[in-house]
Amino acid sequence: MNPWAWLKRWRGARRELDEETAFHLDRLTEDLIDEGWDPQEARREAVRRFGSPERVHAGWRRALGFTLLDELARNVRFAVRGLIRDPLHAATFVLTTALTVALGGMAWAVGDATLWRDLPYPEPDRLVRISMYDAETLPRPASTAVDGATWEALRAGGPEYPTAVYSGWGSGVNLGADGAAAFVTQQRVGAGYFGVLGIDLMAGREFTAAEDVPGGPALAILSHAMWTDVFGGDRDVLGNTIFLKGEAHRVVGILSAEFRAPSEADVYTPLQPSTTGEGTGTNYSIIARLPRGVDPADAHRALASVPPAFDWAERPGDQRFGLIPYEEVLVQSARTPLGVLIGGIGVMLLIGWSNLAGVQLARTLARSDEFHTRRALGADTATLARQMIAETTTTGFVGGALGAIALVAAAPGIGSLVQARFGTWQPLPGPPALVAVAALLTACALLVAGIAPVLRVARAGRGRLSPSSRVRGRVRHMGRRALLVGQLGLATVLVFTGGVLARSYGYLDGLDAGFDADGLLTVQYSLDDARFADGTAVPELFDRTLAALDARPEVAAAAVALTLPYERPLNMPVRRPGRTDPLLTNVVYVTSGFFDVMGIDVRAGRALDGRDGADGAPAIVANQAFVDRYLADEPPLGSVLVMNGGLGEAPIVGIVDNVQQSAGWGGESQPVWETPTVYVAAAQMSAGFFSGIHIWFAPNWIVRPAASVSGLAEAVVPTMRSAAPDLPVARIATMNEIVDNAFARQRLEASFLLTMAAVALGLTGLGLYGLVAQEVAERKGELGVRVALGASPSRAVVHIGSAGMTIAVVGLGLGVLMSVGASRLLESLVWGVGTLDPITLAAVVAVLSALAALASFVPASRIARLDPARVLRED
Amino acid sequence: MLGSRELLPGTLDMLILKALSLGPAHGYGVLLRIEATSRGLLSLEQGSLYPALARLERKGVVTSEWGRSDNNRRAKFYRLSVAGEARLATELERWREMVRAVFNVIEAEPGEVQGGEA
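Residue numbers (the numbering used here), protein chains in the order written: chain A, 1 to 875; chain B, 1001 to 1118.
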């Protein structure tokens, strides 16, 4: 039936019943007066004889079939009125529900996109990663890359099923098409890569094995986005030529829009794996698709018998091939930090739910008089229970809707944040899924919050709850006390975890940078380009552009460096003359003036300068960390090092201060550290060195502004453009942004958990406050009597307040125990502080004790202001 | 005096139908009729009349319309429908049979019993 028509009919019928009732009562009263009753008494007697209006209404509604729907409408109206009457309770309930729904939905969405959703490929459980590992020291393979020889060894003696290689890095390259220059991301993949993933191209084909060999043809497969954005979705681009890095590439395929990969690339080119050059390093990642019916464990064992490449066989240990699920590889790095964040939300959810339960319980208790009245008027348990459910549902629905709206609105931002900070790549679920999860979480919240009031009402029906039950107050609040202890424990864990992460972030942020980042602007250009393959092209470009920059009044000084501090540098081995042991070090080529521009102090000797040109004697500047690690026993200045890349033998001419770098070698997992580094002059390096490393690294132009200049970028970019046309900007950033970016993930982790902790503390504090306040209100009479009989008001305050403190102490103790357990999860996430940092622990105890004291003694102190005479009069 | 709680289930409907068979009446009038014709032995919980009237009306054995009472106030008058007359007849017949049966049982003399173990 149309609900409006139904409502109208119901209202009409209801009005008629009311009119009939009024008529009946009036006539009965008149008749009673005629019989000689006193008019007032007559009216009372008429009402008595008429009986319970509640029962009459209930019977009437049953008779008309209006019962449940009508009652629902009435209950909802009742609930809305209740909300308006008690806005504080309503706001707490609605906001807490919204919070649990939004946060819980967020945790689910992030977890779904990053941790437990299947890979977006057919039969993802058949996809594996193959790598080499030392079976003597490792229980199973890690997700490491292999070198060219190893890839050939696998193909020679390896499995029948499809395998493919790709290079782990997507790199920025310059794209030329129709005269326009763009900076795009290129990834190199081997023949059969898309086939192994189970992906069909939208058009064209993937690279063949014949093409995927060193010296093979230059080909390209376009991403769907690039095909539509750059080529306007024109299928004729197939077979045409585009210019990547200044070289002609023939387009052979276009990917479908649905294709997703861990490193999102705009264009794919053949890997053409070799055993020389980059193939001597572990730069290739192997994936494979196991056939149906092949057990991964069997395939893993079979791989062990494939002979490794010669140089691996020479290494110590039991070097062999092995496999791990591809799915595991892709979520590995994000698992722990995201797990901690999602766990934090989970804890928050528990606190929120227990708070909801506590709030509803308190409200039900405060309303016990109302329920007794309703009961006396003839309402039965089921009716009251339905009313409680309707009230909870109405409030919860408002909160759930708010939470769902917040969740859907925030999802895109959260998605890109998680992607940027944790390197995840699958998109967050869409709005329908988010709303469904929000509905589910709302239902959970309602269930948790609704049970207590319903049980209360049912118990009241059995007459166990008399209006004078305040004598049993202590026992009656047991449920809420237990909830609060749990909440305090969980809040402690959140505060502690957030605190440790914040301390770790503080340590990283407080590291001595080793240079002066303020004011520096950096512009990055990719030189992975055929135009810069020629021997002198790169130094010439540096000279030309730096001269143009120096001519600008806004620019105080400028220099070029291969990599910047706080970023990932190139590492390669150098040797001492006459010795074979390699010294692994970062290598950074720079132009003269680099140390001045950066503000890096020269500790001994000299910086690289104009003397170190192509014709000058080879020279190396080492940092203090290099000296400390490798040259501790000899005078470092004048020590000779041998390195590849065209430099040959060169003496160390200067020692400079360390800067922080994000290097992943040397056994350091810390995001940045003072890594051994040598600096060489760009002008002294060979063309082969440039073209090799420029595949992986794009050099940075660093500009120090003249005093108090704003809009430096507006001056630098056009200058660069006129000095080096057709070179698109890969990135423009201030040095401070780059420093910030180095710990953005740690900052996100810490600030997120601290925010959760603050909300948790707020909720818990409110819960504690509510409990003590209610205790005060209920025991006002008793306390008034005590004070009137001479008890000290301050002792009464302490008595009531310490009830709250007892809960706090128990909860805090529980929380500290749980924190000790949780601290193990933090091991891979914190630096510079222990996972059981005593300072954080002390601060957590102090903050929570202060909060508990505030929440307990503020309401308890009301007792001191009680006027015994008034309290007794009221009682 | 008997209260409505002691009425056998279904009896109230029959009493209302019987009262209305004497002519249309408003709810209060129905009550007065039942009390008067029972010679004061039946006193109903008066409010329960209205759910019963609504139920009967919904079943189509009673119809209603708004009219004027003897003191010129608006009141809802109920009237027995044709279906109601038939229903009343069957209800009365069933009631009489039951009364007879119950009466026979409670008035039984020891010698009358034939079956059973005796």
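Simulated from the structure, these hints should not be mistaken for lab results.
Be a bit skeptical, because a hint or two may be false.
Capping the alpha-carbon separation at 30 Å, the derived lysine-lysine pairs in DSSO-like fashion look like this [what the hints assert, rightly or not]:
{"no.": "1", "chain 1": "B", "residue 1": "1059", "chain 2": "A", "residue 2": "8"}
{"no.": "2", "chain 1": "B", "residue 1": "1059", "chain 2": "B", "residue 2": "1018"}
{"no.": "3", "chain 1": "B", "residue 1": "1018", "chain 2": "B", "residue 2": "1076"}
{"no.": "4", "chain 1": "B", "residue 1": "1076", "chain 2": "B", "residue 2": "1059"}
{"no.": "5", "chain 1": "A", "residue 1": "8", "chain 2": "B", "residue 2": "1076"}
Quantities reported herein were computed from a predicted structural model and do not represent experimental measurements.
Tell me the numbers of any earlier hints that the structure contravenes, in ascending order.
none
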